[in-house]
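A.B. asks: Listed here are the chains, written in short residue letters.
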Amino acid sequence: MTSLRSTAAARAPLLFAVTLVVSVFMLAPMALSLMAGLVKNYSAGLKSGLTTRWLAQVWEVYGDTVGASLLIGLGCVGATLLLGVPCAYMLARSRSRAARVFEEVLTLPVAVPGLATALALILVYGQMASFRQSFGFILVGHIVFTLPFMVRIVAAAFQREELVALEEAARTLGAGFRQRFLGVLVPAVFPAIVAGCLMVFTLSIGEFNLTWMLHTPLTRTLPVGLADSYASMRIEVGSAYTLIFLAVILPVLWALQWLAAALQNRYGV
Amino acid sequence: MTQSSAGFGTPRWLLAACAAPAFTFFAAFWLLPVARLVALPADKGWATYFVILTDGRYAQSMVNTLLLSITVTAVTLLLGGAVGIYLARRRFVGRRVLLSLLTLPLSFPGVIVGFFVILLGGRQGLVPTLGASIGIPRLTFAYGLLGLFLAYLYFSLPRAIATYTAAAEAMDVRLEEAARALGASRLRITRDVWLPQLAPTSIATGAILFATSMGAFGTAFTLASKYEVVPITIYNEFTNYANFALAASLSIALGLVTWAVLFAARLIVGNSEVAR
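So the protein lines, in turn, are chains Y and H.
Mapping of the first sequence onto this note's numbering: residues 1 to 269, in sequence order.
Mapping of the second sequence onto this note's numbering: residues 1 to 276, in sequence order.
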């Protein structure tokens, strides 16, 4: 099998060429921005020497956006867990028509462009100054957008045949609903819940389409700050800020991916 | 019997209680606001709903967006499919690292992608600088249609590569083996073995890529392109002209197009594939 696979690939110069070109296209900008954020002068290139000056400047002007984005991401994960996991259970167990309709409607914020959702939120809640000017306004937008992802991933796990049997067994043994749900079902779908958290956190931290409309000068997230720096600062500062974004998101992504893989190995789901 | 149809012993009221918090939140922060958004253009007369068709400027913006999204989707499927098949079959050192680097941009906001294209083809960009050093002036492409196209390609490719790699790894190798043993040419193998096996993935991924391109705002916003797309038009109507009814009408049109494409894809290939 291995020999077939490798010879098939060896005889595919076109695929190799496309992969090479695409890889260069995808990786060159990342490398370029890494370099641009650390050199003294971008036009002069690496010859001008390396510096952390731009990173320090970004931290001074936009440092608060890092904490804000992380908190909103965590808040979003917490809220989608509380709202989404029970809802996923309902969707997996109910066979009523209303449940199917709700499932369909719940995914609309993913299909409808974020700009439309943001406009709608502003129309209804824009006049409530204290809500409009708080990070809560952005958080609400993020929850609406990420909830369908959590619900779908977890509902798919709840639907598995053996879980239905497991729940039935726990019920005949006299376990109450609370005990069944928290003691049997939630642990059984834990890998799916972790996968959902990973998805929700990543989406929230990188969200711009909604957030740009929902933010105020005092409630800025990382991507909002990025857009601002790209428009108004020199190219080195924009690059340094991009570096900070990567430094924030990569460890979290890797840690969660590692956790998901470890759970997969342990539970084999 | 009624008990089991309500869900394997869990009573109906309990199931409803499970969904109640999510439903309440969703009704308050999406259904109600969107109902308001949908009703808004009516204040300015029913014709407002159809500006996307009747007003030349908005119609042009919609045509621009459709053409760009369709082209980007087609090119992405082609390139992403090739890379996915290659990565699924070839085992080499650093393959996993390459795959994770290629899919990393999935977590980037659109603004970063726009900035990447500025780094490549902006006024101080790599390509214009290299071009100038070998005597070809004015290779700046970031702020035109080409820049926008490359940026959309950049944020679309990771999703296509990720799904095609997974799909190609799951492909049945025996079919291809048999075809080759029977003397089929490479072209015939591609057409008769690969394409049918990858068709569901292609339709599902294509729909998602198209929808993402239609709604992408951050990328076009960063590039401040002369080629106007609908999300930018909506943003301008809302912030620069405070024309809420018009912005709402355009949002509805855009939402309908993306939703219809995703819905159609799900009808064709089934629910599971289009779940991202």
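In short, the hints are calculated from the structure, not lab data.
Only a predicted model underlies this, so the values are computations on that prediction, with no experimental measurement involved.
Worth double-checking, as some hints may not be accurate.
Derived list of chain H stretches under chain Y, where covered just means 3 residues or more per stretch with a C-beta under 8 angstroms from a C-beta of chain Y [stated by the list, open to error]:
id, segment
1, 211 to 224
2, 241 to 252
Now the stretches of chain H that chain Y is said to cover, found in silico as 3 or more residues with beta-carbon under 8 angstroms [unchecked claim]:
id, segment
3, 28 to 37
4, 85 to 95
Cβ coordinates follow ideal geometry from the N, Cα and C atoms, glycine included.
A.B. asks: Would you mind marking each hint as holding or not holding in the structure?
C.D. replies: Each hint tested on the structure:
no.: 1; hint: 211 to 224; verdict: holds (count 8)
no.: 2; hint: 241 to 252; verdict: holds (count 5)
no.: 3; hint: 28 to 37; verdict: holds (count 8)
no.: 4; hint: 85 to 95; verdict: holds (count 6)
Violation of the numbered hints given earlier is absent; every hint is satisfied by the structure.
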